[in-house]
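Chains as they are written, first to last, in our numbering: chain X, 1 to 114; chain G, 115 to 594.
The hints are simulated quantities; they were obtained by calculation from the structure and are not laboratory data. No false leads were slipped in.
Listed next, the in silico DMTMM-like pairs over lysine to aspartate or glutamate satisfying Cα-Cα at most 25 angstroms (straight line):
hint, chain 1, residue 1, chain 2, residue 2
1, G, Lys-532, X, Asp-14
2, G, Lys-212, X, Asp-92
3, G, Lys-590, X, Asp-14
4, G, Lys-532, X, Asp-92
5, G, Lys-219, X, Glu-88
6, G, Lys-219, X, Asp-92
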Amino acid sequence: MPVNQTPPEPYKPDPRFKIAHKEALIGVALAIFNFIWWYGFAYGLGSRPPEEYTYILGLPDWFFYSCVVGFILMSVIVIIITKYVLKEVPLDADPNLDRNADPNVTPKEESPTK
Amino acid sequence: MNIQVIIPLAIFLIAIFAIGFIASKQMSSTGGFLQEYFLGGRELGGFVLAMTMVATYGSASSFLGGPGTAYTVGFGWILLAMTQVVTGYFVLLVLGKKFAILARKYNAVTMIDFLKARYNSPAVAILSAIAIIIFLFSAMTAQWVGGGRLIESLTGLQYTSALFIFAISVLVYVTIGGFRAVALTDAVQGAIMVVGTLILLIGVIIAGGGVPAIMQDLLNENPRLVTPFGADGTLTAAYVSSFWILVGVGVVGLPQMAVRAMSYKSSRAMHRALVIGTIVTGFIMLNMHLIGVFARPVMPGIDVGDKVIPLIALEVLPPWLAGIVLAAPMAAIMSTVDSLLLLVSSAIVKDVYLNFIKPEATEKRVKQISIGVTGILGIIVFLLALQPPDLLIFLNLFAFGGLEAAFIWPIVLGLYWKYGNKYGAILSMITGIASYIAIHFYNTTYGNLLGVHTVTIPVVLSLIAYIIGSLAIQRKAFRF
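When you get a sec, could you build the whole thing from the sequences and use the hints?
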């Protein structure tokens with residue numbers, strides 16, 4: 001997915017989009033990591049014959065690592081990323097409203113499209 | 115059936131009504147009826163946003179069909195269900211702030227508004243509206259059948275009367291309260307789902323004599339129940355993995371999810387929703403499906419999948435507690451139906467009526483039409499649901515997959531790829547839907563093509579169609 005590069009004409013893309021593009025890529029990366037973890041433990045450990053399974057908290061090991069640990073791990077990663085990586089930007093229609101940095105005071109936009 | 119079960123359910127329904135009325139009172143405050151009725155005035159905070167996404171997404175299949183299948187198939191189906199955890203963060207991160215910013219810039223109230231502005235094309239809008247109306251209509255009908263059946267099995271009422279109670283409950287608050295009422299009731303319903311799920315899981319584990327004992331019973335019955343491959347060993351890795359598209363990342367293309375991704379108040383609300391949404395989705399999916407599997411040794415021999423959860427709740431819990439717990443699937447169904455109803459209504463009012471029939475309609479007229487259309491739609495769905503089609507889960511998935519194949523690329527690449535244009539979008543939607551239907555029928559006759567779920571190939575084909583359509587006819591960068 002090509003991120004907006006500088007176009008030939010004097011057109012400046014909204015600076016907020018750079019942050020948005022980065023965060024969308026983080027979403028894709030998280031999903032890929034999530035899939036590998038889920039798949040690796042489920043079919044890596046789960047393909048053994050059931051007699052060889054060990055049990056953690058009563059659950060089969062492949063399931064425990066793939067689904068229980070996988071879910072908790074994803075939750076922790078999401079918390080960390082939300083806290084330290086994602087940026088708060090104002091969402092209102094006018095991109096020049098940089099001064100309005102406080103996201104809690106998003107003004108109501110009832111005006112029709114400019 | 116049992117008055118102690120019915121009372122908590124009745125209290126739940128009354129509480130839902132109350133929220134609908136409170137929300138409708140607030141509706142006049144912000145001005146701009148359409149924005150308010152169909153989008154809650156873009157005022158959702160983090161908790162409500164997360165809950166309305168989870169609740170909209172978690173439907174009859176998460177609470178009845180899914181656990182019912184897990185009962186038959188075993189741990190392999192829980193593994194499959196856990197592909198849904200990704201929806202908790204993926205939808206909000208990928209549509210993300212760019213979608214929220216552009217939706218505000220274009221003054222978009224529906225997903226179709228966004229597509230129309232991005233592609234500058236009435237054809238895209240009308241095609242999307244048709245897809246939404248057809249597919250979500252079938253999804254909605256399936257859910258209403260689920261709701262009616264659930265009330266039927268709980269109260270012992272006739273199906274028709276049960277469906278009637280369900281229809282009235284949903285119609286009242288959706289028609290009057292709009293999106294804000296839907297989102298607020300979703301938040302309450304989501305909370306009920308979390309609590310109900312936890313209580314029922316504990317109840318089942320106690321009734322089964324602890325997790326190790328349950329596991330031993332499963333192993334004695336059929337060791338394959340604890341493998342990832344299903345009770346008869348037919349659940350392949352490719353098939354289960356393809357659910358990452360259907361119920362995982364592909365959910366980005368669902369209009370009922372996309373519209374929520376433009377409804378939040380601020381970046382901070384979105385961040386909170388990411389965390390809450392991920393945790394709540396994972397919690398509900400993991401536990402509900404575990405309940406389905408654990409129910410097998412506790413209550414063997416249930417043949418109708420959808421009845422596993424109601425029966426097990428009545429078996430292992432005291433009646434009043436079962437009533438509270440069974441409000442959870444009820445809540446799941448209602449919260450899905452209310453969103454779909456409002457979305458189909460918005461497609462008709464905003465995207466068809468206001469765009470093509472009468473753009474100059476007055477605010478008052480729009481208000482009457484919106485409420486009227488929502489009400490009439492509800493009545494039509496009620497009538498359709500009277501002759502219920504079987505296999506609720508499959509009808510639901512059909513609608514899911516069809517919409518995903520149609521919309522995923524026009525939305526995602528429309529947001530992030532500047533060369534995407536209307537030719538690509540139209541070609542992609544047509545390819546997605548047509549190939550979905552074709553492959554659906556192929557798969558039901560000959561078995562799954564390439565061993566994956568129906569949705570997989572149409573999603574790939576619609577991507578190719580989008581790229582070819584965009585580049586072949588008119589290669590021009592779009593200025594967001």
